[in-house]
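Participant: The chain contents come next:
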Amino acid sequence: MQEFEPKIVAFVCNWCTYAGADLAGTSRIKYATNVRIVRFPCTGRIDYMLILKAFQNGADGVIVSGCHPNDCHYTSGNFHARRRWIVFNELLELLGFDKRRLFFSWVSAAEGAKWANLVNEVVTEVRKLGPYTEYEKLSKINVNSIGELCNV
Amino acid sequence: MARIGVFVCHCGENISSTVDCAKVAEIASNYPGVVYSIDYKYMCSDPGQNLIKEAIQKHKLTGVVVAACSPRMHEPTFRKATAEAGLNPFLCEMANLREHCSWVHFREDSTTEKAAELVRVLVEKVKHNEELFPIKVPITKTALVIGGGIGGIQAALDIANSGHKVIMVEKNPSIGGKMAQLSETFPTLDCSQCILTPRMVEVAQHPNITLYTYAEIESVDGFIGNFKVTIRQKAKSVDHKACTGCGLCIEKCPIKKIPDEFNAGLGNRAAIYVPFPQAVPNKPVIDRNNCTYFLKGKCGLCKKVCPADAIHYEQEDELIKVDVGAIVAATGFDIKHSDFFPEYGYGKYADVIDGLQFERLASASGPTLGVLKRPSDGKEPESIVFIACAGSRDPAKGIPYCSKICCMYTAKHAMLFKHKNHHGKATVFYMDIRAGGKMYDEFVRRAIEEDDVNYIRGRVSRIYEKNGKLIVCGVDTLLNSRPVEIEADMVVLATAAIANSDSEELAQKLHISYDPYHFFSEAHPKLRPVETNTAGIMLAGACQAPKDIPDTVSQASGTAAKVVALFSQDELTREPLIAYVNNNTCVGCFLCQSVCPYLAIEKEEIRRRDGTLVKTVAKINPGLCQGCGTCVALCRSKSIDIHGYTNRQIYAEVSALFNRREYAGV
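As they're listed, the protein sequences go chains R and Z.
Heads up, the final residue of the first sequence is numbered 152 in the numbering used here, and it's a clean run with no missing numbers.
Heads up, the final residue of the second sequence is numbered 1666 in the numbering used here, and it's a clean run with no missing numbers.
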């Protein structure tokens, strides 16, 4: 049987992690192909409903990554992201969500190698967990219409 | 109906070596809405761009996806090409196939698959892109230069000479920076003070330059063309308008044993002091941490003797607000100091000194008036050992980078010593000699061949004292790694150049990024070496990376050219990627106001024709909004959105990521 290849989405900010991933490229650091990067201006822009949307669409794991604390291009966006993250985590717990599939990290524009390691680690972790099928069950309860609720 | 064109770039072989570009173009042609797709060797080249322009017109495209390198690299290029073909530039998006795919993966099916998916994501996004138009904002044609070393001085003079106002802020009581401390400069051995001080005076007297010494940056707000900066003018305790600079106060001050920063701790200064005789401004300040009056409330001798009544103990720090259009960071560097080299006895033996201390000993204006005397007993040394790479290029010390200036100044030091003491013995321990630069290698050869400096390739393991001599134990790697021991009267360590201790704090105030060693980061290592990633903030000199004087001066002039180019326009066009409010759904909770870092959210009253108030809603000030989107994610009624990253666009992207059905059978 073929090994399970998890689908990973990364929500990253334009200034640090996106640039860090660019640096991994310019430095030719190899990492797993499973990740798809979605660019945001800042982690503060990331509406966590998007994370649910990603899982709804078949993601097996989600990475959220931005500038290190104090290094935000917009001064404080990453702090807001972090606070929101803490609250959102609680909510996921309540919903019975498998939080091991969610990863939060800080990767700066100078940390190409850290980005590559992060992706590889996440892929290994999620591969162990297997495909995410629980979402279907959960979504029947209450989160099926998340996308519609959010103006889409 | 969307008519999207997909353009897949090979980037020579950078993308095509691991991604099957033709296949990506073929797969993309089947995506809903894609009416044209093609691959080409160099999409950013002229023929490549023409390909895009022609396709836009021929196929009446409503959106363009260029699958090539990082948008941080070529987004402006392709948006410009799109605009030239008559399509709004913001209808062009880039899929990052190079940095995020081909360069980081091996050639396998999954790499091409990923590339095709990345294209699909952007195709779905671009369907929701809207026509956007640049925002025009006025420019304040005044530059702020932070740091009054040679980099700051050069940048300030270049900008001021082209007719623009400059505000210079220097944290020390005098401008001049590290260069003022040097004795001679390589590779010409001309006196540092002689070439620098006229420039310092020029800064002070220039009608376009306002100089704040003994001042620091308190806060920076705003954006390119419109920065609002608060400068903290530290209390000098001396009224510089009244002061004549006679120096009587310095003479009478009873506290005279304070280690002199300018002389790298080798001399002493008073509590009221001018850092050095050629200081600009040449007027004293009181060091409140050491002044008896401020510590104990009595003394007041300087006030009593001052003939101009210029001493004002009651002076307080003053906050000065200025509006500037561009900021040049030229804050320079520092060198590693004591406790860093226990094996070299630095800090333990008085005669183990650093490069900057040697400069002061060799300088005619230094504590020994240019006579080389060793700090311990004042004897003139007969033998000096110079150790290059003290800390630099040493990952174990946390400094893997090359400090760049040490090879050259070590050769200079050895030469200066030999010129002062012809029979003296100069030995240099080095790892490699890095003398790239005009006349640089010739200079090092001169030290070795003409001045008879003994260069030993190898590292020093330990220094200890024996019978009043310093014994330097090293190894000569060019002689079968034979251990060598050299007796020296003095040892000079070329300690690593490091970022200033407060560089991180300043970077955070300026919202610019810095590297792992706290040097400020340039926008692009090759093509944008003087700008930072924050528009309107530029760099000059060693605050970016260790640099010698010629490099610093060229970078400063480059930075000045960038500032002048910015100031040559009356209005600035900004990318319109900013937030906007849907008045219909906004409930006026103003939570967004509390998170906006730029105070860009205002209140807007919506009234009926008869003037009665319907509701108060949030309104984004397009001049202030920087487009971070924090308000968007926060808004509870989903009434705020951000151009370029709208909910519609991002949900479309996320929805396009994977095809859930693949898992149907799992």
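Rather than coming from a laboratory, the hints here were simulated on the basis of the structure.
One or more hints might be untrue.
[To be verified] Some residues of chain R that are not near chain Z, with every Cβ distance over 12 Å (derived):
1) K30
2) D60
3) N89
4) E93
5) L94
6) S105
[To be verified] Quick list of simulated restraints, FRET-style, between CB atoms:
7) R:K137 <-> Z:K1615: 37 to 43 Å
8) R:P69 <-> Z:D1502: 37 to 43 Å
9) Z:K1615 <-> R:N89: 31 to 37 Å
10) Z:S1045 <-> R:R28: 19 to 25 Å
11) Z:D1432 <-> R:G130: 34 to 40 Å
Beta carbons: idealized from backbone N, C-alpha and C, even for Gly.
Participant: Hint by hint, note whether the structure agrees.
Facilitator: Here's how the hints hold up against the structure:
| no. | hint | in the structure |
| --- | --- | --- |
| 1 | K30 | violated (6 Å) |
| 2 | D60 | violated (9 Å) |
| 3 | N89 | holds (16 Å) |
| 4 | E93 | holds (21 Å) |
| 5 | L94 | holds (19 Å) |
| 6 | S105 | holds (16 Å) |
| 7 | R:K137 <-> Z:K1615: 37 to 43 Å | holds (42 Å) |
| 8 | R:P69 <-> Z:D1502: 37 to 43 Å | violated (18 Å) |
| 9 | Z:K1615 <-> R:N89: 31 to 37 Å | holds (35 Å) |
| 10 | Z:S1045 <-> R:R28: 19 to 25 Å | holds (23 Å) |
| 11 | Z:D1432 <-> R:G130: 34 to 40 Å | violated (52 Å) |
When held up to the earlier numbered hints, the structure conflicts with 1, 2, 8 and 11 and fits the remainder.
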